[in-house]
Amino acid sequence: MTITTPTRTELKGHLVLPDRIMPGRIAFTDHIQAVMPDHAAIPDRYILPGFIDCHVHGGNGADTMDGVQAIHTLARFHARHGTTTILPTTITSPWSHVIEALGAIAEITGTTIPHGPNIHGAHLEGPFVSPHKLGAQPPHALAPTPERVAEVLALGCVRVVTLAPELPHAADAIQLFAQAGVRVSLGHTVAGYEQTERAICQICAAGGTTGATHLFNAMPGIESRKPGPATALMCSDAYAELIFDTHHVHPATFRLAQRVMPDRLLFVTDAMRAAGLPDGPSLLGGQQVVVEQGAVRLPSGHLAGSVLTLDAALRNAVAAGVPLHQATALLTRNPARYLGLEDRGRLHTGRRADFVVMDPALNVLEVWVAGQQIA
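Going letter by letter, the sequence shown gives residues 227 to 601 in the working numbering.
Derived by calculation from the structure, the hints in this document are not laboratory data. Honestly, I wouldn't trust all of these hints.
Per label pair, the in silico range of CB-to-CB distance [to be verified]:
id	residue 1	residue 2	range
1	Thr235	Pro586	22 to 28 Å
2	Gln519	Glu377	37 to 43 Å
3	Gln552	Glu592	19 to 25 Å
4	Gly407	Thr255	25 to 31 Å
5	Ala369	Gly447	21 to 27 Å
6	Asp245	Arg451	35 to 41 Å
7	Ala253	Gly447	47 to 53 Å
From a predicted model like this one, the values you see are computed outputs, not experimental measurements. C-beta atoms are modelled at their ideal positions from N, C-alpha and C, and glycine is treated no differently.
With the hints as constraints, model all of the structure from the sequences given.
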């Protein structure tokens, strides 16, 4: 039997490390073999860890709810923008449609799409959300009954679940999901500070990890005498998603969150099928939406998902005044920690060879997944 030795490759440039940017080079096969200083490194190339998107519905005309081929299409689109690990995300729909979509994700969980990213698993966003805080979710909210939770867990692909803690059966669902290793992401909720705090304690007691689905969006705001769920999440050990397209969250609000929870904040796109397409009409969960100047809105004018890509979110963070190495953590190290992925998220010996090579304006030049150049 012939054993094939993986080809050793090197990249040179400015290496974006957790605490600094260093001229250097990386030697790798499918994993990183060495990270070395090199002052002769190419000056106009920045090498970052591959981006991780924990919440993405679609892109390039495709949507997670459309099945395996659509997931391939949207995943390849986001890979061209630096995403090397992705969690295809469902939307609130009739239960049978949700289970069908999760079944499609289960087929490809753990695989790396040709010329695309690694599919880590699913983010189940809906239907376990508040009917009073749907945002752009269609009106098919359901309670997380033990039977529904068991059906989801049996598929074995859900890594994150969005849950409103005030729903009937929520306490039992939290216990079941947390014990199964699923990240419980609190969101699409009308819960107050105290109820959110109790849910965080329940998740912790069950040995789970708490998240927040798109912090500040689809939840009550922060007021002087009503601190709301965002305050409970920011003041705990919870991780929190943030959609930083500058439409969902003001740059100053982003900076506040980044100052409070620099190691627990993570960028997501929440991108829909219109991402990568020209402005105009589109669909989200069967609903008509319009994309105009980078914002997606329902006919009512309410924001409805995004057309964001993670490279754009990174540029927005740097424009808001966050140093590049700190901004990079929001879409590499922090989501890796949140998901328990110890094999990626940093330029470090032994980690997966997932890289994004960018120019000084932070445009993507190359993307590598497990040592293979895909873009």
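Results of checking the hints against the structure:
For Thr235 and Pro586, the hinted distance range of 22 to 28 Å is satisfied, since their beta carbons lie about 23 Å from each other. Between Gln519 and Glu377 the C-beta distance comes to about 41 Å, which sits within the given range of 37 to 43 Å. Between Gln552 and Glu592 the beta carbons are some 23 Å apart, a value that agrees with the proposed interval 19 to 25 Å. Taking 25 to 31 Å as the suggested C-beta distance range, the pair Gly407 and Thr255 conforms, at roughly 29 Å.
Taking 21 to 27 Å as the suggested C-beta distance range, the pair Ala369 and Gly447 conforms, at roughly 25 Å. Take Asp245 and Arg451: their Cβ atoms lie about 39 Å apart, and the range 35 to 41 Å holds. The supplied range of 47 to 53 Å is met by Ala253 and Gly447, whose beta-carbon atoms lie about 49 Å from each other.
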